[in-house]
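Visitor: Could you build all of it, start to finish, from the sequences and the hints given here?
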Amino acid sequence: MFTENPCLVRHCRNNALSTFDENGNLTEEKNYCLDHIPDPGKLKQDVYNYISTHNKIIGLCANGLIFQNIDFSNKEFYGCNFHHCTFTNIHAENVLTHMCIFDFAVFNDCSFFKSNSMFTSFSGSTFFHTLFTSSDMIQDNFNGIKAYQSSFDDSDLFNSRFILASLVDTSMQNCNLKHTLFYDSQRTNVSFKMSNTREALFDKKGSALQKGEKDTQEDLQGGGK
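Read in this note's numbering, the sequence shown has 117 at position 104, and its numbers run on one by one without any break.
Derived from the structure by calculation, the hints contain no laboratory data. It should be emphasised that the depicted structure is a prediction, and the values quoted were computed from it without experimental measurement. C-beta: ideal position from N, C-alpha, C; glycine also.
Pairs of lysine to any residue residues, derived as SDA-like cross-links and limited to a Cα-Cα distance of at most 25 Å, are as follows:
{"hint": "1", "residue 1": "K55", "residue 2": "E89"}
{"hint": "2", "residue 1": "K217", "residue 2": "S134"}
{"hint": "3", "residue 1": "K88", "residue 2": "Y61"}
{"hint": "4", "residue 1": "K206", "residue 2": "F141"}
{"hint": "5", "residue 1": "K88", "residue 2": "N107"}
{"hint": "6", "residue 1": "K57", "residue 2": "N102"}
{"hint": "7", "residue 1": "K55", "residue 2": "T40"}
{"hint": "8", "residue 1": "K218", "residue 2": "G157"}
{"hint": "9", "residue 1": "K57", "residue 2": "Y45"}
{"hint": "10", "residue 1": "K217", "residue 2": "N202"}
{"hint": "11", "residue 1": "K43", "residue 2": "F117"}
{"hint": "12", "residue 1": "K191", "residue 2": "Q162"}
{"hint": "13", "residue 1": "K57", "residue 2": "N82"}
{"hint": "14", "residue 1": "K88", "residue 2": "D167"}
{"hint": "15", "residue 1": "K127", "residue 2": "D182"}
{"hint": "16", "residue 1": "K88", "residue 2": "L47"}
{"hint": "17", "residue 1": "K55", "residue 2": "N38"}
{"hint": "18", "residue 1": "K191", "residue 2": "E212"}
{"hint": "19", "residue 1": "K159", "residue 2": "D116"}
{"hint": "20", "residue 1": "K88", "residue 2": "F141"}
{"hint": "21", "residue 1": "K127", "residue 2": "I71"}
{"hint": "22", "residue 1": "K57", "residue 2": "F141"}
{"hint": "23", "residue 1": "K57", "residue 2": "E41"}
{"hint": "24", "residue 1": "K88", "residue 2": "D34"}
{"hint": "25", "residue 1": "K159", "residue 2": "Y196"}
{"hint": "26", "residue 1": "K88", "residue 2": "H142"}
{"hint": "27", "residue 1": "K217", "residue 2": "I151"}
Derived CB-CB ranges, DEER-like:
{"hint": "28", "residue 1": "D34", "residue 2": "M112", "range": "20 to 30 Å"}
{"hint": "29", "residue 1": "K218", "residue 2": "K43", "range": "41 to 51 Å"}
{"hint": "30", "residue 1": "N172", "residue 2": "M207", "range": "18 to 28 Å"}
{"hint": "31", "residue 1": "G54", "residue 2": "N202", "range": "38 to 48 Å"}
{"hint": "32", "residue 1": "N62", "residue 2": "M112", "range": "20 to 30 Å"}
{"hint": "33", "residue 1": "N121", "residue 2": "P19", "range": "24 to 34 Å"}
Guide: Now the structure itself:
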């Protein structure tokens, strides 16, 4: 489902962008990365048109593109690559992302209300004023993210990972945190109110439930090692 093709330029380590035929359909032809493609404007428009005209998107590679003021609501993405992309003012209610990569992406003023995400990676990404409220985000990778004034409230984060994450003024209220990992994370003014923090793992000694301990909001605010 997910294929990474190298850029046609010799010695370039970037992934190639997707290609499209004359009818706007995805093809498996080799291509260049965003840095080397001869006509980046056309490629960007092809990607935007493909997403807007399809409800199910499979295997799209859009590394490095900028997405702004676009509605992704009710779209389904499978095995897509959005590595190093920038998303600004994106509305994505009920969006589905399975086995997708958003590593080192930047999200500004985005809403993923009631989204469904599984086996998806956001590693190293940065979130500003981004909402994942009332979402199912199962076994996702948030390692090394930076989140500012963002919200995961009322979401299922089962078995997801926030290792080395930096969370600032970010809310995780009423969330399922069973087996969720927060190893070596930094947390400033983070609210876990009504979440099952005793089943989350904040250090490698195990969850508070496993250790027979109680935790408090004060214990979880600052984070650290």
